[in-house]
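Here's the letter readout for the chains.
2 protein chains.
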Amino acid sequence: MIHSEYGPLMVHNSLTRQKEVFTPLVEGQVGMYVCGPTVYKSAHIGNARTFVSFDIIYRYLLHLGYRVRYVRNITDVGHLTDDGDQGEDKLLKQAIEEKKQPMEIVQMATLDFHDVMKSLNALPPSIEPTATGHIIEQIRMVSQILERGYAYEVNGSIYFDTQKYIKDHPNQYGALSGKKTDDLLEETRDLNNQSDKKHPTDFALWISAPKEHLMQWESPWGMGYPGWHLECSAMSTKYLGKTFDIHGGGLDLLFPHHENEIAQNVGCCGTNPVRYWIHTNMLTVNGTKMSKSLNNSVSPAELFTGEGSIMSKAFNPMIVRFLMLQSHYRSTFDLSDDALLAAEKGYNRLMQGLKTLEQIQATGTGQTEHDDRITNGIESIYGHLNDDFSTPQALASIFDLITMINSLNDGHISSAEVNTNSLEELRKVLAAIIHDVFGLIDVTAGASGSGQSLDAVMELVLELRQQARADRNFATADLIRAKLTEAGITIKDGKDGSSWSVQS
Amino acid sequence: MIHSEYGPLMVHNSLTRQKEVFTPLVEGQVGMYVCGPTVYKSAHIGNARTFVSFDIIYRYLLHLGYRVRYVRNITDVGHLTDDGDQGEDKLLKQAIEEKKQPMEIVQMATLDFHDVMKSLNALPPSIEPTATGHIIEQIRMVSQILERGYAYEVNGSIYFDTQKYIKDHPNQYGALSGKKTDDLLEETRDLNNQSDKKHPTDFALWISAPKEHLMQWESPWGMGYPGWHLECSAMSTKYLGKTFDIHGGGLDLLFPHHENEIAQNVGCCGTNPVRYWIHTNMLTVNGTKMSKSLNNSVSPAELFTGEGSIMSKAFNPMIVRFLMLQSHYRSTFDLSDDALLAAEKGYNRLMQGLKTLEQIQATGTGQTEHDDRITNGIESIYGHLNDDFSTPQALASIFDLITMINSLNDGHISSAEVNTNSLEELRKVLAAIIHDVFGLIDVTAGASGSGQSLDAVMELVLELRQQARADRNFATADLIRAKLTEAGITIKDGKDGSSWSVQS
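Heads up: the sequence lines are chains A and B, in that order. Heads up: the first sequence begins at 1 in the working numbering, then just goes up one per residue. Heads up: the second sequence begins at 1 in the working numbering, then just goes up one per residue.
If we strip away everything but chain A, and leave its shape as in the complex, we get:
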C-alpha cells in the first residue's frame, strides 16, 4: 500500500524540465540508480551532499511504502581527470603517486566513503556494484552497440558514433542536457588530440590499453578498459532492467555522462533507459566554488573534527546533515561557518522540540484551532515532501509545529485546548519524518551516554575559563587550557564565545 492521502508525489524530471506525477513502472516498486563516487581519494563533501540528497529521496520512497531497489555504483576504473576521454586516469594517477596497486587505493577510498556516509546516517544502497566487477557486461554492451551500427573500432578502441545516432534519432542526443545538436557539433569541432574519432562528439566505449597500463582486461578488440560512461549503462541495465524509474546524480554529470548513458542504452537496446532523471545542484563554500587554488577546500573529516580552515569549530555530522536538509536538492548548497553555526542552533531547537513533545500532554476531546493547526501542519509537511522532496519547506512547517509545542509546554496553550488524538498523531508523524525520512539522530547533550556529562562539565569549564580571563587570572586560564589539551580537548575561541571538541 502506497500512502497517497496527502496527494501524489511530484518529481522534477531533468529530461522534461518540469515536475511530473511520479508513477513507477511496476506498481509499488521503484528502481533507482545513482552515480556513485570515483574511489581514488578521500570522500568529497560535494559527493556527500549528493548522496545525502538521494538518501532522503530513498528514505521518503520507503516511507511512502514503496519497495525500492537502490543501486549506487563505485567507479573503480577508467574515469579520466577531464571527465571526458582525455586526460589522466584519476585512479591510476593516485596509485602511481602513492606507489600502490590501484585496488589498494580503491579499498582505502571505498572504506573512507562508507565511513563518511555512515557518519551522515545515510542508508547503504541495496546494491553497490563496481565497474571492475562488470567488465564482461560492459564488453557485451559494446558488442551490441557495434552490432547495431552505433559504434566503430579504431586501433583496438571502440567509439560511439554520435553522427549516426543523431541521424537515426533526431533531437534525442542533447535532449537531457538541453544542448542543441548543431551547437554540440559546432562547439567541439576544434578539439585536437582526437584523431582516432570520426567526429569530435564521438566518445570512447572501450579504450585500447598500452602494455604498461595498470588496469586492463581481455576483450574481442584486444587488451583494454571501458570508457567511463559505459559502466552505468551496463550496471543499471543488469540490476534494474532496460528501463527503470529513477536515475540520479550530481548536476555536473548531466553532460556528457548522462547524455552519453542514454545514447549507449538506446544504441544497445533501442530503449530509453530512464523515466525520471533527478539531478542535485552544486556545492559552494562561502558562496564560491570549492577549489584547490582558492584554498577553500574542506573534507567531511575536517568538518567533523573542526580542522578545516573555513570553520571555527567541529560540527557533528548530524548538524551537517541538517544544513543539507535546509537547501532543496536542486538549489546550490552553500557551506559556511555561519550557516553551520545557525544549523546547529536549528538542529538543537528541533531535537529539543521533539523531547518536549514527548513530555507534554493533551487532555482535550474536541477539535480546536490548535488541532486544526496540527492537522494542517502535518498536511503541509507531506505536501512539501510530495512537491519534489522539498525538505527546506517541510522543515519550516515542522518548526511552526515546534513553536506550538513550546507554547503547549510553557502554558501559553493549555493542555485542555489540544485533542489527545491530535497530539498522538503529531508525535507519530514528527518522529517518522525527522528520524526515518530526514535521518536525523539526536546527538544533543543529554541524548546519549557519558557525552551528556562531558557536555555539561565542559560548559562549566569554559565558564570558569571565561571568568578567570575576566579576572586577569592568567595562571588559571593557562592551567585550564593545558589540562584540556592533555585530555585531548581543543578549545576554539570565536566571536560568539568559545567552543570545544574532542580529538579522535
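If you're looking for bench data, these hints aren't it; they were derived computationally from the structure.
With the C-beta cut set under 7 Å, the calculated list includes, among others, these residues of chain A facing chain B:
1) Glu104
2) Glu128
3) Thr130
4) Ile136
5) Ser453
6) Leu454
7) Leu460
All figures in this text were calculated on a predicted structure; none of them were measured in a lab. The beta-carbon is built from N, C-alpha and C at its ideal position, and this holds for glycine as well.
Mind docking chain B on chain A? Use the hints.
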C-alpha cells in the same frame, strides 16, 4: 628495517607440518592472501575468529617492519552448500528465500561482515577483491589450464583432470592435506551424481548454467559460472603474483579448497603458489561443534548484545577479542560463558595494569633484578610472538610484568629499585604489543572517548574547585558544585581529596 633483535620469526607451515624460519620472497615485503567469507548471511563467529587471528598476524608483520599487501577476498558467487561441486548454491538459495537479487544479499552480508570486523578492531585488508569482480581472470585461468592439458570440457562445464595432474606431479596432490593419493582415489569412488566427471576426484573449474540460474556469465564454453576453488587462485595470482608468501584460511578449507587451489595454480602456471600455508583451528561452543541441531549457535551480534542463549550477559567485542588471543590460532577456540567472564576479568586486569604503568615512576639508575625481569619479560613476549604468533604465551609474559607493575605501584618494589630507562622501555613495548599488535582498545569504565575525556576534565574541575576554596572564592566553588549537580555529577569530599561519580 625488519626488527629481528629477538630472533627470527618462526611460522608453522601446514604444507611441511613444521615451524620454519619466515623468509619472504622479497626482503622487507610480505604478500598474504586469506580466504574471506562467503557473503550470503550474517557474519559467523567462527569466521570472526579466523579473521581476528590473521589480523594479529598482519599486525605483527607490520610491527616487525614489513610492508604487507594483505588480500582477503569476498566470495559472492559459486560456493555450494556441501563445499564441493554438489548441493545448492548458498547465495542463490538465500536470494530465492528472501526474494531478492543475489547482489542485494551480497551487499547486506558484506556490510554486516565489515561491521563485525570493525567492532573487533580488525584492520581492513589492503585489497578485498570479489569473485564476481574477477570472472575474466577466472575464465583466463581455466583457458590456461585447458591449454596445458589439465582440464577437459563436458557439456559446457570444465573439470580439472586430477588423474593427469597426479600422474605428472607425483605426491603433489594431497601433499597439503596429508591425504595419500591412493586413499583420495579410493574414498570418493563411490560418489554418485558426478556422471560428467571422468573421475570422482576431478572438480569443477567452470560450471555450465541452466537458463534460470540467477548468476551467470558468457565464456568460451557458453553461459556459466566459476567453480568455487577457482576465484582464490585467480585473485591471489592477480594481486600477489604466481608465487607469494603466506596463504591463510580456516582448517576446514585445507581440503578440498586449498588442495585444489594448488592444483589449479600448478596446472595453470607450473608454479607452486604459496610458500607458507597457515591454517586456523575450529571454534567450539561449550566444547562441542556449533550447529543448528544442537541449538548452540551464537552470532557476533548476539555476543555483543548478550542476546545469545549461551551467554549470561553482553560482552564487549574487546572481551571477545581478548578471549581469542588467549587461544593459539592453531588450537581449537572454545566459546563459553565462563570463558568470556574469565576473559573479562583478565582484560580488565590488563587495561588497569597499563593505566597503572602510566602513573608509576622509576628513579633507579643501576641495573637491578627488577630491571632484569623487565628485560627478560620483553624478550619473552617477542620470543613467544616469534614462535608462530603464540599470543597466549605472550599474554602470560605480559601478565607477569603486570604483577611487577602492581608491586611497584603498591610499594612492594620501591621506585628507586627500577631503572628509569627500563620502565620507559616497558611502557613503549607494552603499549605497542597490546594496542598495535593485539589490537586491544581500552573500553573499561572511564577509559575511551568521552569517558576518558570526562575523567581528565573532572580532574581539572576538582583542581579548580580546590583552588577556589583555598582562595576563599566561595562563589566559584558554589558555582562548580551547582553546575555539577545539574550535570548529574556528585562530589564526595574525603580525607584523601575529593572524588566524583555520575548518577545513573
